[in-house]
Each structure stands twice: as C-alpha cells, then as structure tokens.
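Asks: Okay, here's what each chain looks like letter by letter:
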Amino acid sequence: MPLVGTRDLTPILDRAPLMPSLDTEQWALPGARILQVLYEIDDSAMLSLLPRALHPTIPPTVFFVVTHVPESSVGPFTLAEVRVGCRSAMRPRTFLTRAYCDNAAAVTELRNRWGYPVEQAEATLQRYYDRAHGLVTAGGRDLLDVSLVNPEPISGSDVQYLPNVNLARIQRDGAVVPRLIQVDPDFTFRSADRGKPMLTSFVADAWELPGCEPNYPVSASYTVADVTMPKLRFIVDPNKGPMEGVEHV
Amino acid sequence: MKFGIFYEISVPRPWEANTEYQVYQNCLEQVRLADELGFDQVWAVEHHFLEEYSHCSAPEIFLTACAMQTKNIRIGRGITVCVPQFNNPIKAAEVAATMDIVSGGRLEFGTGRSATWTELGGFGADPDETKKTWDEWVRIIPKMWTQERFGYEGRAFSMPTRAILPKPYQKPHPPMWVAVTSPGTELDAADRGMGSLGLTFGGFAEQDQKIAEYRRRIRYCDPVGSFVNEQVNTVNFLYCHEDNEVGIKTGMRVTGTFNYLAEQLLAARQAYPSRSYPNLGLLPALRREASSPAADGGAPEGTAIGNPDRIVEVVKKWESVGVDRINFLLNANETVPQQEVLASLRLFAKEVMPKFADKRQPVAAPAAGGA
Numbered sequence: 000m001p002l003v004g005t006r007d008l009t010p011i012l013d014r015a016p017l018m019p020s021l022d023t024e025q026w027a028l029p030g031a032r033i034l035q036v037l038y039e040i041d042d043s044a045m046l047s048l049l050p051r052a053l054h055p056t057i058p059p060t061v062f063f064v065v066t067h068v069p070e071s072s073v074g075p076f077t078l079a080e081v082r083v084g085c086r087s088a089m090r091p092r093t094f095l096t097r098a099y100c101d102n103a104a105a106v107t108e109l110r111n112r113w114g115y116p117v118e119q120a121e122a123t124l125q126r127y128y129d130r131a132h133g134l135v136t137a138g139g140r141d142l143l144d145v146s147l148v149n150p151e152p153i154s155g156s157d158v159q160y161l162p163n164v165n166l167a168r169i170q171r172d173g174a175v176v177p178r179l180i181q182v183d184p185d186f187t188f189r190s191a192d193r194g195k196p197m198l199t200s201f202v203a204d205a206w207e208l209p210g211c212e213p214n215y216p217v218s219a220s221y222t223v224a225d226v227t228m229p230k231l232r233f234i235v236d237p238n239k240g241p242m243e244g245v246e247h248v
Numbered sequence: 000m001k002f003g004i005f006y007e008i009s010v011p012r013p014w015e016a017n018t019e020y021q022v023y024q025n026c027l028e029q030v031r032l033a034d035e036l037g038f039d040q041v042w043a044v045e046h047h048f049l050e051e052y053s054h055c056s057a058p059e060i061f062l063t064a065c066a067m068q069t070k071n072i073r074i075g076r077g078i079t080v081c082v083p084q085f086n087n088p089i090k091a092a093e094v095a096a097t098m099d100i101v102s103g104g105r106l107e108f109g110t111g112r113s114a115t116w117t118e119l120g121g122f123g124a125d126p127d128e129t130k131k132t133w134d135e136w137v138r139i140i141p142k143m144w145t146q147e148r149f150g151y152e153g154r155a156f157s158m159p160t161r162a163i164l165p166k167p168y169q170k171p172h173p174p175m176w177v178a179v180t181s182p183g184t185e186l187d188a189a190d191r192g193m194g195s196l197g198l199t200f201g202g203f204a205e206q207d208q209k210i211a212e213y214r215r216r217i218r219y220c221d222p223v224g225s226f227v228n229e230q231v232n233t234v235n236f237l238y239c240h241e242d243n244e245v246g247i248k249t250g251m252r253v254t255g256t257f258n259y260l261a262e263q264l265l266a267a268r269q270a271y272p273s274r275s276y277p278n279l280g281l282l283p284a285l286r287r288e289a290s291s292p293a294a295d296g297g298a299p300e301g302t303a304i305g306n307p308d309r310i311v312e313v314v315k316k317w318e319s320v321g322v323d324r325i326n327f328l329l330n331a332n333e334t335v336p337q338q339e340v341l342a343s344l345r346l347f348a349k350e351v352m353p354k355f356a357d358k359r360q361p362v363a364a365p366a367a368g369g370a
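Those protein sequences? They're chains A and B, same order as listed. Each residue of the first sequence is one higher than the one before, counting from 0 in numbering that gives the first Met the number 0. Each residue of the second sequence is one higher than the one before, counting from 0 in numbering that gives the first Met the number 0.
Chain B on its own, in the form it takes in the complex:
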C-alpha cells in the first residue's frame, strides 16, 4: 500500500488579496511535510471556473513547484483534460515530459475529460465528444514521448511529422492513469493497460468486484503505452487525531464541506442530456459514501478519519479488496486550520504508515528507471 495526497485546492470566500496565495502556500507546506514523512505521491486536479471548490487550473505549475521543493514524492497530474478546447495533445506531451525532467523522473500522468457543464460549457466543448477525444489522445501521447518523430492522421486530431520535445526522463515514459468517475471507466483503463485513478469510492464490496474485474480484464489488454500500469489508486479523506471522536467529527466537517461545495456546480448530466455523462458530477460516489454514516451511525466505513487505530483498520480493508494506493484529501475550504492538518499528517505517518511499511513496494519498474 502506498499513500499520497490529493489536491483540488479549494479557496473559501471572501476572496481577499492574499487568500489564494495563502491557500497555495498551505498546500505547498503540506507537500513538503508529506515528502519528509515518506508519502509516495502528490496529485493535483485540473479544474476551471469551479468557484471555491477548486482553484487548481494550472496543476502543472503547482506540481512543478512541489517537485522543486521536495526530494522523493512523485507528482501526479490528476488529470490532464483530454479535450481539445481545454488542451492540445502535443502541448500535453511536451509539458508532461518537461515536468518529468525537472522532477527527476517523478511524474505520474493522469488523463480524463471533465465532468461539469461549468467547465465544458466554459470552454465550448461538446460533451458528446469528450470520451472520443480522450481515447484518441491516450493512444497518441505515449507515441509522442517514445518516437523520435511523430505524425498522425486521426479523427479529432492530426499533425504532420515532427519531433515532439523534450522526451520524458523516465523510460520509456511515465506511468499512465485514467480518472475513473463514471461506471465502467475502470474497464476502459484495464482494456488500455492504464492505471485506475479511482476518483470514486464506493463501499468495500462494490470496490472488490470492480477491482477484480479490472485485474481480470487488464491481463488481456492492448496497452496504449509501452508498458502496462496495473495499479488501483483511490481517493479518500484523511483526518487523524489521537482522540477518535475529535478525528471523526473534524473529518466529517471536511467531507461535508467538500460535498457541499461540489454540489453547487453544474454537473454535465444536469445540463446536457448525453449518454457520455451517466454520472452525477464531481467525485459523486466518494462524496456519497463519505457523507453517509455507517450502519452503526458512526463515521462512514471507508473514510480514513478518526484515531490511528480506526484508520489502520480502514486502510487494511482497502488493502484487502486490492487497492494499491490511497490518496488523501486533507482539507476543504480551509475548514481545518493548517497546523491541525500538519499534525494529522504527522500522526498518520507515525502511527499508521509503519503498519503498512513492510508491504510497500517501489514504484512501477519502468517508472523508477529514469534515463
């Protein structure tokens, strides 16, 4: 089991002159500490226009800053929006390769397609097209990284032959992931030999089935990259405190705030009837599960909040259903003061991480190689 941290970078109103600055500084401080404590990875989303919920529209910049201030922690673009109105595949490949170089081969490359009308409409993107362009991009980007020169004649993207530079530091290229929010996308990941960057949550039983099917399907995959990245990555909340009741109460405040902010946005499905968007927006299952009390009325069963003993049990359950990595959201809208967030990270690293240390593996072999 590997542990990481995950950023939406939510910024509470009122937005004063230094509010965003302070939130970003808090995040960077958390990343530096996470690196010192031995967390494996930091992920940052790409979102646009999502007031308060996420002010993280340039994750490549934020993650580069993270890389420059840390030594070991891997940096995850979670995700690059593979929609032409948002990005360009050449530019995405170039930026990713540069991030990989300046970080010394620490990039994890997540892919996705956006889930809100707030964003899709803002860029003038066609919701019916996003799954198709994502599929095309994930097939061509690894070729841009690995071929000396690349040319392509496609459906939504074409280019004459050019040398796309620089090339990634990791050889043959960074591990590739798919953001999984819609039902069935984990199978899209498996069929393409990509890691499942699970932005959904679900109960243990549901995840058990999904992961088993992912593992079965990926054995027969046609990998889009030069290697198969068979890993299951999930997102969770973390608030660790010596007092279980305080930990749960504070953690629930974070999950409630996160959920509340996410619902203010306009999910693609609510605005635009399309079979391309069967889910209900941003991290829907995560939010549902993390907000629902357990059968005994206590904290949600799969949410990593409470004292270290409780969190160890939660992580063990996730491990038992086949999850390889858990990335934690540490705060929402600065609900928890920074010093308490840092204390939570320290306590988790001291009391929880060692319980899983003997099972921790180095990162995927191709990712560890470098030049």
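Okay, chain A solo, but in the shape it has when bound:
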C-alpha cells in the first residue's frame, strides 16, 4: 500500500491551537485575493513532514498560499500558509502546521473556529501588472517571499484548491488530544490568473517544516473569489493509520 508519514507531532503540539469547540458557523469573506504557488519538494522529506494519518503525494509537494481578505467581521487581514500536499486515505488534502496572519482578531477566529495553527506576523499580498507578490516577515527576517510572475487571465473554473487539514488540539474525554481539522472553504471565483511561480525566500523551520526543500516549480495562480469558511465536518486523529482515524464532527 502507499507510503505513509512518519512524523511525530509531539514537539510542535504546544503551539497548535486548542479549539474550544468544533461547532462553528460559516464565515463570509467576500472579494478575497488568493496567491497560490506550488512546488515539488526534495523527496528526502517525503515522509518526515507528514504524520502517520497522511500519505504523501507522488511527487511530494508544497503549497504556498497567501490570502488577503479586504473585509470581514474582524476587518481586513492577510493570511499566509505553507501546506504539504498529501492524501487523507484517498482524499486530496494539504497539511498545515504553521501559518501567519497580520490581524490579531483574525488569528483568534482562525485558531478557535477552524484550528489554524496561525500566529501573528507581518504578511502582505500585493498585485502589480507584472506579478503578484506575497511576503511574510518576522523579527526582521523574510519567512516567505513568493510570487506569480507574468500573470495571464484564465477561468476560475480551471483552478482547484484543495482542502486543508490543520494541526490543532481538542478536548476529548477530559484530555487534550491532537487532531487534524479538515477545512474545505467554498470559493466563488470573480477572476483568475496563471503565471510563472517564483520562490525567493522560504525559511522552512519557521513553518514547522524542517527539511522541506522546494526544488521544482510547478504552477502559480492568483484569484479573486468570494470565500465562505465552512462548518467543520471531519477531523482526523494524526496518530492513526490513514483509513482509521477519520471522525465526523
């Protein structure tokens, strides 16, 4: 059967959000601008980045996603994520261990309601005629500098975003346990571009992805979409096998 992850998540659980509840309502985020850049990564980290519950993609991949939300109930914010391409059993997913957001209230919303392992940092997404540029900085360092270069219009229906599985913690029978929180937002596209992917800076350790070395650019897209954050439907025990740990919310 397919390869499975070997990662022990224990060392990074302390910073994962402790969710007060899995019963959340939808959240409308109209007019969001989304930069997604996909790279293949060195296969030496193919298994060590993922827990036992997840299979790596073949080839192994990493998704850089920077989203700017111009209006929301907590005001505008920019969220940056670096996700590892994976499969939860046979479902295409992306695994998130660390994200950064520039709005403290949005950090709280995302951590508490959707289990995003997100912390506050400077994050921006700029659109120019020749490129879209995402930048995350903290402590004077560029944690991520990623771009789409030479955008060309495509149809929004040509773009496919894969659901997240976010590393979080929940209360279960009086104990705190790790769970992967499946988040599959709904997207209604207003426009979409495709272009050349360019990764200028990526500090893997700052994203809890030691050994993750992007080595082959695949694609880059930039969309404007009305995003609806969903109610939660599934969570996964990261320490069980891929077919064994899925739970309905």
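Keep in mind the hints are simulated off the structure, nothing from the lab. Please note that a few of the clues may not be correct.
Unchecked claim - In silico EDC-like cross-links for lysine to aspartate or glutamate, where the CA-CA straight-line distance does not exceed 20 Å: (1) K195(A) / E212(A); (2) K131(B) / D157(A); (3) K195(A) / D127(B).
Stated by the list, open to error - Simulated coverage check for chain A against chain B, where a stretch passes if three residues somewhere in it have a Cβ under 8 Å from a Cβ of chain B: (4) 57-71; (5) 88-94; (6) 153-162; (7) 211-220.
Beta carbons: idealized from backbone N, C-alpha and C, even for Gly.
Please build the complex by placing chain B on the supplied structure of chain A, with the hints as guidance.
Replies: Frame of chain A, contents of chain B only:
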C-alpha cells in the same frame, strides 16, 4: 460484444528483487489463458513514475511479449502518449508497425495525452499543449503508415520527406482509438473517425447518451485514418465467482485498492490550472462508479463482479446502451491471488461469454485483412 483484458500493471510494496518480475509473469500467464479462453483483446497502458499504481512504462515490450505467447488475442496499445516529451510520432508509427508485423496483424492503436502532473511534470511537458499535439499526431501517424514516403510541416512537429518503415501488416493500417477520460473526448473521437477507448465508466444512462451522440457524430466525421473505426470500448473490473457474495466482496476489494492507489498520484488539474485538464485524473468516472454502492446498497450497478448470473446481467446492460467491447481489469496490486484470478477468468469464459457468443463479430474488416 467482445471481451478483453486491460493492464495498468500495479506492483505492491515492498518492492523486492523479484516483485516486478513476478507481477509481469502473472500478467503474461493471464494473457495466455485469456487467449486460450477466447478473449478478443489485451490492452496495456503507457504510464510513467506512478508508484505502485502502474509500472507499465514500456507497453510495446509487454504487448510484444503477449503477442509472442499467444495466437489470436489482439494487442492494444492503450495508449501511446502523443506528447513530444514522451514520444516521437515517427518512432510511434515505426514501433506500432513493427508490433503489427510481429503479431501477425493483431495491433489496436490507442492514442492519448497523459492525465497526471506526476507524468507531465516528470517529462517537462506543457499541460496546455498536450491536446494540440495529440490532435496533430493522430492526423499524421496514419499517413506515415500508408504513404510510401512522408514529409510534414506542422505546428509542433515537422520533418523532411522520408520513408517511414516498416509499414503495418494490417492494410491499410491498424484500427485507431482515442482514450476517453475527459468529458467531450468521445466527440473528438467521433469527429476524427476513431474508436472511443472509454476509460470512463459512468452510469448506464450517462453512457447511453454519450454513445448515441458518438454514433450520430461519427456519421459526419472527417476520418484521420484510411477508414472509420466506429466502436465503443469500455473498461470495467472483473471478478467472477460461483458464490455471488464472495465475487462481489472480492471484486470490491480490487476496485477499492485500484481507487486508493490512483488517488495518491497528482492529477494534472490539481497541480496546474488549465482548461486542458477538466477531469480529475486517472479513470475518474470508472473509479467513482465502481466504488459507489448501488441504490440497494449492493455492488455498483455497472461493475462486472459477482456470480456469472449477475455479470451476465451487467454485460447485457452495457450491450443495450451500445457498448461494443468491454476490457476488464483483473487485479489491483496483487490483491487477489493469481490462482483466483485465473479461476475467475475461466468461470467468466465458461458461464458468461457463451451468452454473448452468437452476437460476437469478427474484428473490424480492415483490421482483419492483413497483407
């Protein structure tokens, strides 16, 4: 109705020294038996880098071995990837013609363009280009086979005039097919006078509509080859057992394993936004339909698993919607022991095939001709 077998050649981990050898030997043994039992055709895919799912990167070699070990069964390249980073149209024409000669005129020539980033990226192919290069190749390859000398000035391929040799044994050339995975490709097949090598599955109602439209459109086609190959070929799973419950349970294990392996790969659409790839990868509809229980919670309605009576009913339904051929996947990742696979083939040949024998026709007239 004609019956065939279809190979992805999946190889389970752990990959020990003789694992691939043993899987290939099992496949060849199945092909020899299928030939003896009267199956019409054996097809093999061209896939690259698809760990466990398919270790069949040189189908021309495998199919030549099949031809050398059999007498009657036709050999189907399902498919030749018509993308320049994978293959070259001259070489594709030459290899196909040679296969046709050494098999004594038994080649079926399938064409396609790959559906995964795993493969397209591995070869450095541009996903936006594959449909265009496929279209160009299917127009020129039959000319390479039939013209004494051939020269061409095209968009993605050009060559000065040369004699492309050898020529196929079948005259004017082997039947040509298109792998149909994306919606609408069956219409591309019809418009070009090519057979629909249906790697999708769909429900009966959906197929009924698609086949009717294929039949309507092909009447007005501009054939790329020297003749129209109006045939609808589909892929299915086969596990036939005297005990219906055992047959369904084992068959579902095969379909589930196949589906599971296919999803580990990176579909072109998931990696690269392009209107060139509207589907979700490898045999998506086949996998969806074959994994979904029927309304009564039993086996999927169109999947040929169970006892002979159930499989006869399934095949009759496919026949009723206009399918000409069904090719069966017999195993996935060696989930079913070889002796059980062979027993399933024998039981199918004994109990199911005779029910359709009176309607079986010889292969397409041009294909049967030979030199």
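Asks: Against the structure shown, which of the earlier numbered hints fail to hold, in ascending order?
Replies: none
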